[in-house]
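Just need the whole structure built from these sequences, with the hints factored in.
There are 2 protein chains.
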Amino acid sequence: SVNPDLASERQTASFSVEKLTALLDGGAEQTRIRRAVVEAIESDPVFSRENQYFQTQNERYEAAVRKAVHLQKKMHEMGWTENGPEYKYIYRALSGDVAFLLHRVFMRSISVLGSDKQIAKWIPLATQHKLIGSYAQTELGHGTYLQGLETTAVFDTATQEFILNTPKISAMKWWPGDMGRSATHTVVFAQLYVHGKCYGIHPFIVQIRSLQDHSLCPGITAGDIGPKMNFEHIDNGYLLLKNVRVPRENMLSKFCEVQPDGTYVRQGSQKINYFTMTTVRISLISDEVLTPLMKACTIAIRYSVVRRQSKLKPGEQEAKILDYQTQQEKLLPQLAAAYAFHFINDYLQELFNRGYREIQRKNFDMLPELHALSSGFKAVITQHCTAGVEICLRACGGHGYSMLSGLPSLYTKILASCIYEGENTILLLQTARFLIKCFMAASAGQPVPPSVTYLAAVKHGKCPAKNKLDFLSPDIYTEAYQHVAVRLISNTAAKLQDLIQSGVKKHDAWNQCTVQLVQAAKAHCHYIAVKNFAETVEKLETKAGIQKIMKHLCDLFALHGIFSNTGAFLHDGYTSAAQMDMATASYLDLLAVIRKDAVPLVDAFDFTDKSLNSALGSSDGQVYQRLYEWAQKSPTNQMSPAYERYLKPLLHNTLSKL
Amino acid sequence: SVNPDLASERQTASFSVEKLTALLDGGAEQTRIRRAVVEAIESDPVFSRENQYFQTQNERYEAAVRKAVHLQKKMHEMGWTENGPEYKYIYRALSGDVAFLLHRVFMRSISVLGSDKQIAKWIPLATQHKLIGSYAQTELGHGTYLQGLETTAVFDTATQEFILNTPKISAMKWWPGDMGRSATHTVVFAQLYVHGKCYGIHPFIVQIRSLQDHSLCPGITAGDIGPKMNFEHIDNGYLLLKNVRVPRENMLSKFCEVQPDGTYVRQGSQKINYFTMTTVRISLISDEVLTPLMKACTIAIRYSVVRRQSKLKPGEQEAKILDYQTQQEKLLPQLAAAYAFHFINDYLQELFNRGYREIQRKNFDMLPELHALSSGFKAVITQHCTAGVEICLRACGGHGYSMLSGLPSLYTKILASCIYEGENTILLLQTARFLIKCFMAASAGQPVPPSVTYLAAVKHGKCPAKNKLDFLSPDIYTEAYQHVAVRLISNTAAKLQDLIQSGVKKHDAWNQCTVQLVQAAKAHCHYIAVKNFAETVEKLETKAGIQKIMKHLCDLFALHGIFSNTGAFLHDGYTSAAQMDMATASYLDLLAVIRKDAVPLVDAFDFTDKSLNSALGSSDGQVYQRLYEWAQKSPTNQMSPAYERYLKPLLHNTLSKL
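Which chain is which? The protein sequence lines are Y and G, in order. full-length UniProt numbering applies: residue 1 is where the first sequence begins, and numbers increase by one. full-length UniProt numbering applies: residue 1 is where the second sequence begins, and numbers increase by one.
It is possible that part of the hints are untrue.
[What the hints assert, rightly or not] As a list, the in silico BS3-like pairs of lysine-lysine whose alpha-carbon atoms are at most 25 Å apart:
1. K311(Y) to K506(G)
2. K271(Y) to K311(G)
3. K74(Y) to K648(G)
4. K313(G) to K505(Y)
5. K596(G) to K551(G)
6. K271(G) to K311(Y)
7. K506(Y) to K311(G)
[What the hints assert, rightly or not] Computed spacing ranges between beta-carbons, pair by pair:
8. Q632(G) to Q501(Y): 50 to 60 Å
9. K633(G) to S111(Y): 36 to 46 Å
10. D156(G) to A585(Y): 54 to 64 Å
11. R645(Y) to S310(G): 50 to 60 Å
12. T654(G) to D287(Y): 29 to 39 Å
13. T453(Y) to Q632(G): 47 to 57 Å
14. R354(G) to Q501(Y): 49 to 59 Å
15. Y87(G) to T654(Y): 21 to 31 Å
16. T654(Y) to A36(G): 30 to 40 Å
17. D156(G) to R645(Y): 34 to 44 Å
18. P45(G) to P649(Y): 16 to 26 Å
19. T12(Y) to P635(G): 50 to 60 Å
20. P641(Y) to Q632(G): 21 to 31 Å
Hints are computed from structural coordinates only; laboratory data are not their basis. Given the structure is predicted, the values throughout are model-derived calculations rather than measurements. For glycine and all other residues, C-beta sits at the position ideal for the given N, C-alpha and C.
Here it is, written out as C-alpha cells:
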C-alpha cells in the first residue's frame with residue numbers, strides 16, 4: 001500500500017505524467033522498448049543489485065563479471081543486438097554495474113585507429129570473447145596531458161618488434177578498467193622511438209595475461225589499484241612493462257606506420273580522432289550524469305513528502321519537510337536542472353549528428369565548435385549535477401547518509417565524472433580558449449560559428465524588467481544571461497591583451513587570467529542551456545499541461561542561476577538592485593508553485609524501485625519499514641568476534657587475563 | 001629521501017614553521033605534550049590504521065572495540081588521566097577511530113540529568129566498565145524536533161515501574177552509536193505518561209543486553225543499522241521496546257521526578273541543559289571539522305607541488321600543478337579558511353568559558369547569544385569545511401578519488417558533521433531568529449548582546465577603497481562584511497514585517513522568508529569570522545614572520561568571500577563595480593604570494609604521516625612509490641573466484657557447459 005502522504009501528492013498533478021515520460025524518452029514507442037528492457041533485466045535474479053550495499057570490493061567485482069557473462073546469454077535469448085533499439089537501455093537498466101566496459105573501448109580503438117588488416121584480425125577475436133581487452137593510456141604520473149606519457153616503445157629492426165618499457169614508476173599505467181584482474185590484452189599508449197628518434201604517442205596491442213591459465217605474460221607486472229570511492233565493481237588496474245616485445249604489426253596503424261626498415265610513415269587525417277573524444281564526452285552525460293541526478297531527485301523529493309518534522313502552523317500535525325521553503329530551495333532547482341540538462345543533451349546530440357554527417361563529407365569546419373561545446377558542457381553538467389546529488393543527499397538528513405538510501409553511491413559515482421574524460425577545469429579552459437578566439441574574430445568582423453554569433457552583437461543596454469512578473473519572460477532572462485556571458489568573455493579578453501601589452505609573456509598572461517576564463521566559459525554554457533530550455537518549451541505542445549509545467553521549470557532554472565550568482569548580473573548595472581529583488585521574489589514564488597507538482601515531476605523519470613535501490617525513494621513511500629527490513633539483512637547483524645574477544649572480558653573484568 | 005620538488009618548497013619559507021605550530025597549539029609546551037601523545041599512540045601497533053581502507057564494516061567495528069579496550073590499559077601505563085593535559089590529544093591521535101564514545105555521553109547525561117543518588121549508583125559502574133552505555137534519542141521518524149519523539153514511558157503505580165514502548169515503526173530508536181552491537185544499557189528518551197496525561201520527553205536508563213551473555217533483554221529488539229558513508233567503526237543501532245519495564249528510580253530526576261503516587265514534580269532550572277547542547281556544538285568543531293580540513297589541505301597541497309602536468313612555459317619541463325592559478329584558487333582559500341576557523345574556534349571557546357563562569361553564578365544572560373553563535377558557527381564551519389575537503393579531493397584528480405589518498409574518508413566523515421548535532425539549515429534559522437530579535441531591539445534603542453551591537457549602528461556610506469591595495473586593509477573589508485550583514489538582516493526583517501502587515505500569518509511569513517534568513521545568518525557569522533581573524537592578526541607578535549603570513553591569509557579569507565559572493569557586496573552600491581574589480585585583482589595577486597608559503601603553512605599543522613594515512617600527502621612526497629606499494633596490499637590483489645567461474649569458461653568458450 002502506498003503511504004497516503006505520497007499518494008496525495010499524485011492526485012493533484014497538473015499534467016499527464018505518462019505524456020511527460022514519453023517526451024523524455026523521445027516518444028511513446030521508445031518508452032515501451034525501454035520498459036521492456038528494464039523488465040527483462042530486473043526480473044532476472046543474476047542482475048539483482050539487492051545486496052550491493054553490503055558487498056566487499058571483491059564481491060562487487062565478481063558480481064560484475066558474472067553479469068557481463070550472463071548478459072551475452074540474455075541478449076541472445078531476447079534477440080537484442082548491438083544495433084537494435086534496445087541496446088542503449090541495457091546499460092542503464094544495469095545501472096552500469098557490469099564488467100568488460102573497457103573491452104568495448106578496446107574494440108572501438110582498434111576500429112578507429114587500426115588498419116583494415118588489424119581490424120580483420122582482432123575484432124572477430126574480441127567479438128567472440130577469445131580475449132578480454134582493456135585500454136591503457138593514463139599513467140601514475142600522467143593524465144590529461146598525453147604528450148607527457150613516459151611509457152616507451154622502441155622499434156628493433158633486427159627482430160621487427162617493438163620493445164615496451166615503463167622506465168620510471170610514474171610511467172606505470174594506472175586506472176585502466178578491466179585491467180586489474182580480467183583483461184588478457186590491452187592497447188598501450190607509448191612514446192614511439194625508432195633509431196633513437198621520438199615520434200610521440202602511439203597505440204600498441206599488448207597481451208598481458210595467458211589465454212590458457214590467465215597468468216601474467218613475461219615482463220608484465222599487473223594488478224588492481226585497490227579501493228576507490230565507488231566503482232568497486234571495476235578492476236581498475238596497474239601495469240608495469242619490462243622489455244615486453246610485440247610484433248611490428250601490433251602498432252595500430254591506420255594513421256601512422258613503421259615500415260620494416262624503420263621508416264615512419266604518416267597517412268590520412270587524424271581529425272576524426274578528436275571527434276571521437278568529443279563524442280565520448282557527450283555520450284556519458286545521459287547515463288553517467290543525468291541519470292544519477294534524476295535518481296537523487298526522485299529519492300529526495302519522495303522522501304521529503306513522507307518525512308514530517310516540526311510544525312509549520314501551531315496546533316497542526318508535523319509538516320511534510322517539502323513544505324518548508326528552505327527544503328524547496330534545496331531540491332526544486334536540482335529538479336529544474338535535471339530537465340534543463342536533459343534538453344541540452346538533446347541539443348548536443350543533434351549537433352553532433354550534424355557534425356558527424358559533415359565530417360563524413362570531409363568537412364571539418366564544425367570541429368572547433370563541437371569540441372568547445374562538448375568540453376564546456378561536460379564540465380558544467382558534471383559539476384552542477386554532482387553538487388545537485390550532494391544537495392539531495394544532505395537534504396535527507398541522517399537517512400541520506402545511510403548507504404541504504406542509495407544517495408551515497410549516487411554521489412560517489414557522479415563525483416568521478418568531474419574527473420574522468422578530461423578534468424573539468426582543463427576542459428573549461430579549452431572552451432575559454434575557443435571563446436576568446438571567437439570573440440577576437442567577431443570583434444574584427446570575421447565570421448564565427450553559430451553558437452557564438454552573439455559575441456558579435458555586444459549591446460550596452462539595461463535589463464528592461466519593470467516588475468517581478470517580467471522575470472518570468474524568457475526574453476528577459478535569456479538576454480540577461482547573454483549579457484553576462486559577453487561581459488565576462490570581453491572583459492577577460494581585454495585583461496589578457498592589457499597584460500600582454502604591458503610586457504607580460506603570453507603564457508604567463510594566460511595563466512593570470514585562468515580563474516576568470518573559467519568563469520567566462522561557465523557563463524557561456526549557462527547561457528546556452530537557458531536559451532535552449534526556453535526554445536524547447538516554446539516548441540512543446542500545449543496539451544496535457546506539459547508545456548505549462550516545463551515553462552515553470554525553465555523559469556526556475558534561469559532564476560535560480562541568477563539568484564545564486566547575483567554579482568554577475570549586478571556588476572555593470574545591467575540589472576539594478578531593485579530588479580534583482582524582483583527576480584528573487586519571482587524565484588521564491590516559483591518554488592511554491594512547482595512544489596505542488598514535485599512528485600509527479602520525478603515520477604515522470606519513470607525509475608523502478610529496483611533501479612533506485614533506495615530505502616527512502618521507493619514508489620510506495622514506505623520509508624521506515626523498508627529501512628528497518630533492509631538493515632536487518634546487513635552483515636553487521638551477524639555475530640562478531642568482538643564480544644567474546646573484547647566485550648565479555650571487559651564487562652567481566654577479566655581483561656588482565658588476556 | 002624527500003622528493004626534491006617538495007623539499008625545495010620548504011627552503012623558502014618566509015616564517016618559522018615551528019613557531020606557527022606552537023601558536024596553533026596554544027604554546028610550545030602544548031606542542032610538546034601533543035607530540036608525546038601522538039608518539040605513544042602511533043608507536044603502538046594496536047592503534048594502527050594502516051589497513052583501514054581495506055577493511056569491511058565488521059572489521060572496522062572490531063578494530064575500534066579493540067582500540068577502546070586497549071586504550072584503558074594504555075592510559076594506565078602512560079599515567080594519562082581524564083583530567084590531565086594529554087587527554088584532549090588522545091582522541092585526535094586516534095583519528096576518532098575508537099569505540100565507546102557514546103559510553104561517555106551516557107555518563108555525561110547521567111551526571112547532568114541524574115539525581116545525586118543516580119549519579120552515585122551509575123557513574124562508578126560505568127567508570128569501571130561494568131556496563132557499556134549508549135544514548136537513545138533520535139528515532140527513525142524523528143530527529144531535530146524532540147517534541148515529536150514517539151517512544152512512550154507509562155508509569156504504573158501498582159508496580160512502581162515505567163513501561164516503555166515503541167508504538168509505531170517510526171518511533172524505533174535509530175542511529176545511536178555503540179548501541180547496535182556493544183551497549184548493555186542506554187538512556188532512552190520517551191514521552192512520559194502518568195495517569196493518562198503526557199508530560200513530554202524524559203530520559204530513562206534502560207538495560208538492553210544481559211551482563212552475563214550479552215543476549216538481548218526481554219522486550220528488546222536491537223541491532224545495527226547497516227552500512228553508512230563512513231563511521232563503519234561505529235555500531236550505530238536500532239532499538240524496539242515492547243513493554244519493557246524499568247523501576248521508578250530509572251527516570252533521570254535531577255529536574256523532574258515522578259513520585260510513588262504518580263505526582264509529577266518539577267525542580268530546579270533546566271537552562272543549564274541548553275548550555276550543554278551549545279558546548280557540544282562548539283567542541284566538535286576542532287576535532288571533527290577543522291582537523292579533517294587541515295588534513296585535506298596538507299594532502300592536496302603537498303601533492304600539488306609533486307605532481308607535474310602540462311607546460312606553463314613552452315620548452316620548460318612540466319609545471320607543478322600548484323603553479324597554475326586555477327589550482328591555487330581551489331586550494332589556498334581552503335587553507336585560509338582552516339586558519340580563520342581555527343581562530344574563531346579560539347574565540348568561541350573563550351566566550352564559552354566566560355559563559356560557563358556566568359552560569360555557575362546563576363547568570364543566564366549570555367545564553368541566547370551563545371546559543372545563536374554556536375548554532376550559526378556550527379553550521380557555517382561544517383558547511384564551509386565540507387565543501388573545502390571536497391575541493392581538495394577533486395583538486396587531486398584521479399588519485400584523490402582513490403581511497404588510498406585518504407581524501408574520500410575525510411570527505412565522507414566531515415559530511416556527517418553537517419547533519420549531526422543539529423541539521424545546518426535548522427541551526428542557521430535559530431541564529432536568524434536571534435538576529436531578527438536583536439535587530440528589532442537595537443532599532444528600538446534597547447540593549448543587545450556584544451556580538452550584535454553593530455546592528456544598532458546602521459551606516460549608509462559607501463566603501464572608501466580607491467585602489468586594489470586598499471582591499472588589503474582589514475578596516476575596508478571588515479566594514480564591507482558588516483555592511484552586508486546589516487543589510488541582509490534589516491531587509492529580511494522588513495520583508496517579514498511587510499508580509500505580516502499585509503495579512504500573512506506570522507508562521508507563514510516566517511516560512512516565506514527562510515531562504516533569506518539563512519543568508520542573513522551566514523552573513524553575520526562570516527562577518528564575525530573576518531573581524532576576529534583581523535583582530536587576531538593585529539595581536540600577533542611581529543617576529544619570525546608569523547604576523548605577516550597570517551595577515552596574508554586573513555586578507556585571502558576575506559577577499560575570497562567577497563570574490564565568491566560579489567552580489568552581496570554590489571547589491572545596494574556599497575561596493576562599486578570598479579571597486580569589485582580592485583578587490584578581485586588583490587585577491588588574485590594574493591594567491592601567487594601565498595602559494596610560495598603553501599607547503600610550510602600546511603607543515604605547521606604538524607600531522608604525522610601515520611595520522612594523514614595518505615599515499616598522496618606524506619611528508620617525503622614519494623607519492624607514486626607509496627601508491628604502488630599500498631595498492632599491492634589490497635585484498636583485490638588476491639585470487640578471486642571470478643577467473644575459474646566466469647573468465648576461463650568465457651575465454652575457453654565453455655560457458656554453455658556451465
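We went through each hint and held it up to the structure:
no.	hint	verdict
1	K311(Y) to K506(G)	13 Å, holds
2	K271(Y) to K311(G)	23 Å, holds
3	K74(Y) to K648(G)	19 Å, holds
4	K313(G) to K505(Y)	9 Å, holds
5	K596(G) to K551(G)	15 Å, holds
6	K271(G) to K311(Y)	23 Å, holds
7	K506(Y) to K311(G)	13 Å, holds
8	Q632(G) to Q501(Y): 50 to 60 Å	54 Å, holds
9	K633(G) to S111(Y): 36 to 46 Å	38 Å, holds
10	D156(G) to A585(Y): 54 to 64 Å	57 Å, holds
11	R645(Y) to S310(G): 50 to 60 Å	53 Å, holds
12	T654(G) to D287(Y): 29 to 39 Å	32 Å, holds
13	T453(Y) to Q632(G): 47 to 57 Å	55 Å, holds
14	R354(G) to Q501(Y): 49 to 59 Å	57 Å, holds
15	Y87(G) to T654(Y): 21 to 31 Å	26 Å, holds
16	T654(Y) to A36(G): 30 to 40 Å	31 Å, holds
17	D156(G) to R645(Y): 34 to 44 Å	40 Å, holds
18	P45(G) to P649(Y): 16 to 26 Å	19 Å, holds
19	T12(Y) to P635(G): 50 to 60 Å	52 Å, holds
20	P641(Y) to Q632(G): 21 to 31 Å	27 Å, holds
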